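Its first residue numbered 1, the sequence shown is counted upward by one per residue in the working numbering.
Think of the hints as simulated: they come from the structure by calculation, not from any bench. Being a predicted model, the structure only gives us computed values, none of them experimental. Glycine residues also receive a C-beta, built at the ideal position from the N, C-alpha and C atoms. It is possible that part of the hints are untrue.
Said to hold, decoys possible - Straight-line Cα separation of at most 30 angstroms, BS3-like style, residue types lysine-lysine; simulated pairs:
| no. | residue 1 | residue 2 |
| --- | --- | --- |
| 1 | LYS252 | LYS272 |
| 2 | LYS503 | LYS578 |
| 3 | LYS272 | LYS177 |
What the hints assert, rightly or not - Ranges of calculated distance between the beta carbons of each label pair, as one might list FRET restraints:
| no. | residue 1 | residue 2 | range |
| --- | --- | --- | --- |
| 4 | ASP122 | PRO549 | 52 to 58 angstroms |
| 5 | TYR411 | ASN110 | 57 to 63 angstroms |
| 6 | PRO324 | VAL255 | 29 to 35 angstroms |
| 7 | GLN258 | ASP122 | 39 to 45 angstroms |
| 8 | ILE248 | ARG348 | 25 to 31 angstroms |
| 9 | LEU222 | HIS416 | 50 to 56 angstroms |
| 10 | TRP308 | ASP218 | 16 to 22 angstroms |
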Amino acid sequence: MSAAPRRRKIRKGTQSCWECKRRKTRCIFAAPGDAACVGCRSRGTTCLSQGFHEEVSTSTKKATQFQRPAPLTVCSSPNQLGGESTVESRPKRPAVPQKEDIALHDTYHNVYCALAEVWPNDADLDVIYNITGKDCSILYGPLNSSYSSLESQREVSPQDVLQLPPHGAHPVLVARKVLLLSAFLRQSPLRDLNSTSYSGDVADRLLNTAITLVTSNDDLLLSVEGIECVALESMVHNYRGNLRRALISLRKAMVLAQLMGLHLNSHSLSLKVIDPATRARIDFDYIWFRLVESDRYLSLMLGAPQAWSDNNFLEKKDLGICHPMEQLERLHLVVGGRILDRNGCDARDPAVTQEIDHLLQGAYSCMAPQWWVVPGPSRKNRDDLSLMRRIMIQITQYFLVAQLHFPYLVYSSDGHSVTYSKITAVNASRDILTRFLALRSDTTLKSYCRGVDIIAFFASAALCLAHIGGSRGHQGPFEYMAGTNPFSYLTHQRVSDRGLVEKTLEHMEQTARSSDDPIASRLVDLLQPLLSMESASRTGAIVNMDFTPDGYSDGHECSSQGSDGGNAVHIYIPNCGKFHVTQATVNINPPSTLDSLFNSDIDWLDSTWVSEATQPIVGGAGIQTMKCFDLVEGYSQPETHG
1 MSAAPRRRKI
11 RKGTQSCWEC
21 KRRKTRCIFA
31 APGDAACVGC
41 RSRGTTCLSQ
51 GFHEEVSTST
61 KKATQFQRPA
71 PLTVCSSPNQ
81 LGGESTVESR
91 PKRPAVPQKE
101 DIALHDTYHN
111 VYCALAEVWP
121 NDADLDVIYN
131 ITGKDCSILY
141 GPLNSSYSSL
151 ESQREVSPQD
161 VLQLPPHGAH
171 PVLVARKVLL
181 LSAFLRQSPL
191 RDLNSTSYSG
201 DVADRLLNTA
211 ITLVTSNDDL
221 LLSVEGIECV
231 ALESMVHNYR
241 GNLRRALISL
251 RKAMVLAQLM
261 GLHLNSHSLS
271 LKVIDPATRA
281 RIDFDYIWFR
291 LVESDRYLSL
301 MLGAPQAWSD
311 NNFLEKKDLG
321 ICHPMEQLER
331 LHLVVGGRIL
341 DRNGCDARDP
351 AVTQEIDHLL
361 QGAYSCMAPQ
371 WWVVPGPSRK
381 NRDDLSLMRR
391 IMIQITQYFL
401 VAQLHFPYLV
411 YSSDGHSVTY
421 SKITAVNASR
431 DILTRFLALR
441 SDTTLKSYCR
451 GVDIIAFFAS
461 AALCLAHIGG
471 SRGHQGPFEY
481 MAGTNPFSYL
491 THQRVSDRGL
501 VEKTLEHMEQ
511 TARSSDDPIA
521 SRLVDLLQPL
531 LSMESASRTG
541 AIVNMDFTPD
551 GYSDGHECSS
561 QGSDGGNAVH
571 IYIPNCGKFH
581 VTQATVNINP
591 PSTLDSLFNS
601 DIDWLDSTWV
611 SEATQPIVGG
621 AGIQTMKCFD
631 LVEGYSQPET
641 HG
């Protein structure tokens with residue numbers, strides 16, 4: 001048995017082999033445990049560490065075992081170059097590693113280290129894995145497949161998905177995991193992590209690092225996984241309530257998809273993927289559908305024009321073989337596009353409105369009647385996810401109905417179609433709030449999307465405006481029965497509708513307190529004075545409403561302000577315009593004794609809201625204007641005008 005080769009003393013930090021030193025090239029290892037460096041493999045030469053003398057026995061030279069010092073950090077030695085397979089071990093002609101390859105390796109290595117640095121420690125990951133009520137379907141990503149294929153797959157778990165790829169993986173693959181974890185944490189912005197860590201702060205750190213290092217580097221993104229990464233970035237912005245940034249990121253993902261021909265619905269074999277497993281994970285036929293679906297949702301929320309106006313998503317797919325929920329989603333996609341087209345021309349075109357309304361009526365038949373009932377709390381984790389999906393699709397249906405008919409809410413014209421639209425908008429808003437409260441009241445569900453809060457605000461504003469309109473002029477009971485006011489039928493629904501809005505306000509106040517959420521705080525600041533005016537209108541105060549149809553303003557802005565002569569609330573509703581609600585100081589009629597008796601508790605609450613809502617609004621010599629849309633951004637501060 002031959003003696004082990006004698007070691008020699010080398011300078012600290014020396015890790016290259018003799019052959020790379022002789023050629024003055026960089027010594028790169030594809031993986032920490034590899035026997036030979038990439039250069040020696042390509043040249044077919046013996047890879048021997050400088051820690052051994054070169055004049056060792058032939059048998060030792062042939063054995064390409066390379067003994068190196070242990071890596072100093074977890075990022076010291078990537079296992080692959082750019083996620084690609086390693087080169088063949090013995091090509092016919094020796095080749096020297098190119099400088100471009102070395103630079104690429106260094107770039108990937110550095111990006112991996114930076115992304116791994118923001119990844120939570122094991123203790124925090126254990127807490128994240130064990131949080132109950134999370135929507136694990138988010139782990140499939142924003143470009144998930146059809147409902148049929150999702151139901152046939154086994155349920156994914158955070159432990160399986162939320163693991164970093166091996167060292168040296170392509171930056172896009174690492175960023176995908178980082179963004180998935182950020183989205184997963186953003187569902188429930190609670191202080192669930194140990195020590196003083198806050199899940200929202202961790203999610204923001206993950207998001208910002210992935211944006212800085214990967215999704216802002218266009219050279220890395222032209223692949224299916226690159227599109228998915230940018231779509232994930234958009235999804236996290238949406239969860240945070242930053243709808244404008246979500247739309248910007250999504251439009252970038254759509255451009256990348258168009259550059260790869262995905263909008264042509266072409267076959268997927270030629271599409272570039274970094275990881276072969278992506279072909280099994282993502283149905284490429286659904287990528288463009290999901291991108292357009294998200295674009296139209298964000299465009300409706302922000303009042304922006306849509307990026308893709310083609311509405312043939314119903315013709316491209318045989319709806320008879322689709323899952324019922326997918327049929328409903330495709331109808332919603334077409335309806336959203338039609339509403340955006342209508343709003344770009346004439347938001348009050350009765351013929352187009354009637355056509356779209358007919359489509360929405362047909363959408364109900366996609367699901368059984370009992371499916372539309374507000375669901376109760378679920379018991380099993382798998383049921384939690386289906387319950388969440390069911391409520392969200394129901395909210396989408398009623399949101400589209402409300403968006404379609406909202407422009408008619410304060411329209412003064414008479415006629416059957418206008419009255420129908422007003423009533424339909426109010427009913428849809430009530431249905432939205434009922435399901436929003438079911439979603440927020442179920443303690444087993446912790447999933448959290450800020451866009452739903454903004455939809456709930458739209459619905460709350462619609463109900464308040466409708467009831468203010470119904471009480472304008474302080475009509476008597478016989479005038480209500482005569483039907484001279486389109487909102488006269490709301491008399492008996494007023495208390496229950498107000499209860500829905502109050503409960504919605506409570507949930508938003510709780511969110512604002514528990515997580516210091518600026519978006520929830522803005523919503524609270526808007527709803528409080530609006531509720532106060534609705535209450536005042538029922539007790540005889542003069543409350544006037546006005547409407548500016550083309551109130552696009554300077555960026556989707558809601559504001560409320562007070563003045564010495566009364567209060568005023570100005571609300572911008574995207575795709576609808578600006579609503580101006582003004583309360584005068586003189587009552588039409590004082591409330592009757594019976595009214596005071598029935599509304600004593602409510603009026604006491606109203607007086608509390610008035611003090612809370614108006615005191616910050618009117619202060620000193622100045623009028624404070626609270627900008628809110630930047631409500632979707634949630635960061636603008638109140639401005640004071642002298």
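- Query: In ascending order, which of the hints set out earlier in this document are inconsistent with the structure?
  - Reply: none
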